[in-house]
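Residues per chain are reported as follows:
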Amino acid sequence: MVAGTDDRLTALYRMYGPVIYSRCARLLGDRAAAEDATQETFVRVQRHLAKAPDANDALAWVYRIATNYCLNEIRDRKHRPISEAELPDVAGQSLDAILADRDLVARIVRRSAEQVRAVAWLHHVDGLDQAEVARVLGVSRRTVVNRLAEFSQNARKFVTRSAS
Amino acid sequence: MKHLSAFALDALALGTETAGARDHLVTCAQCRGDYELAASLREHFIVNVLARTQPRRSRVSWPWLAAPALAVAIGVLVVIARPRPVAQPDLAIKGDATWHVFANRDGQTFAIHDGAQLEPRDRIRFAVTPDGARYLLVASIDGSGAVSIYFPYGGDASARLDPGDHVELPGSIVLDAAPGPERMFAVFSDEPIEAAAVADELRTIAVGGADAIRQAHVLAIAGMRAQASLVFEKAVP
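Going line by line, the protein sequences match chains A and B.
For what it's worth, the working numbering labels the leading residue of the first sequence as 0, then goes sequentially.
For what it's worth, the working numbering labels the leading residue of the second sequence as 7, then goes sequentially.
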């Protein structure tokens, strides 16, 4: 590794490490796991350092890496889909009410396909608007809209199943 | 009321927030609570993790990958040496220590706040309330990557503070004409800290350019009791 690469990595770690750790701790709910996740995030940053964007977009880029890592960790913790018996009774609730419940959404998100998981989590759990989600994930706003629609459809099916 | 997203709150901590985010934080208790929770986590990382895990420029790989046992040992030493947390971005110094920076231009004296616009030949002075800390080092990094040790001026290590609740540091600094941001750090400690270690940290920040200097709020130095930071911009009038 050349000195310049080392310096760049150090600068990114110093600048974004505290925020990424905080992000991971809030996602994982565990400080030790968050420390591991932060290190894993910056190992990935190191791997793709040549693609690191400039200061305007660097936070979103590192955020994306950390979010994807943590969501995979959350998925792998379970090693299986959450059974419906573990989910609360939502019979009679509207889809809007379901999506307003961050904890419930988080549990539904874990059951979702990978391509919608990050989008749904960022929007419904972390409260990012569509433009922010697009920026963090490096996708178009149209893609965000489509994936959120897919997630809503899945959530609606879940509500219907629970009610029946 | 639409609340700030997790991303917006984190951007706020880095000084890259969208317009209106800071105003919203003032008026929204829920977002302020979320921000404070995130701030406490960042502080935990800075105090307990950053100093022992950051990549070392003299090494070809990161310490935690190359020698985890050594990293753990260093971490224990750092934690023992640092009984109190360091300050967080955008927050006052922890432990009730305070740091005031004043500028004098054409005979008029005014307090400097984060983001202040200063001019070449402005004279700046410092006053601190150390809250029990015995040593202080004030250093800066400017847009050209130049490191300056302001207190003790040009010194090799932290200087012992005079006893007292409010200490005005001797002398004043005349700003040069280098344009762009200049970020200053006040590092409080119970034992002297080598200026070279602080200078090394500052040069690391400067690698990221002017924006990195504007956004870097903390130094990871073992042995700190508290720290504060302030950035100002120098413009040619």
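Simulated from the structure, these hints should not be mistaken for lab results.
You may find that some hints are simply not true.
Unchecked claim - Output of the computed footprint for chain B on chain A, the stretches with three or more beta carbons under 8 Å from beta carbons of chain B:
| # | stretch |
| --- | --- |
| 1 | 17-24 |
| 2 | 120-126 |
| 3 | 143-150 |
Idealized CB from N, CA, C, for every residue including glycine.
Find the hints from earlier in the document that the structure breaks and name them by number, from lowest to highest.
-> Hint 3 alone not satisfied by this model.
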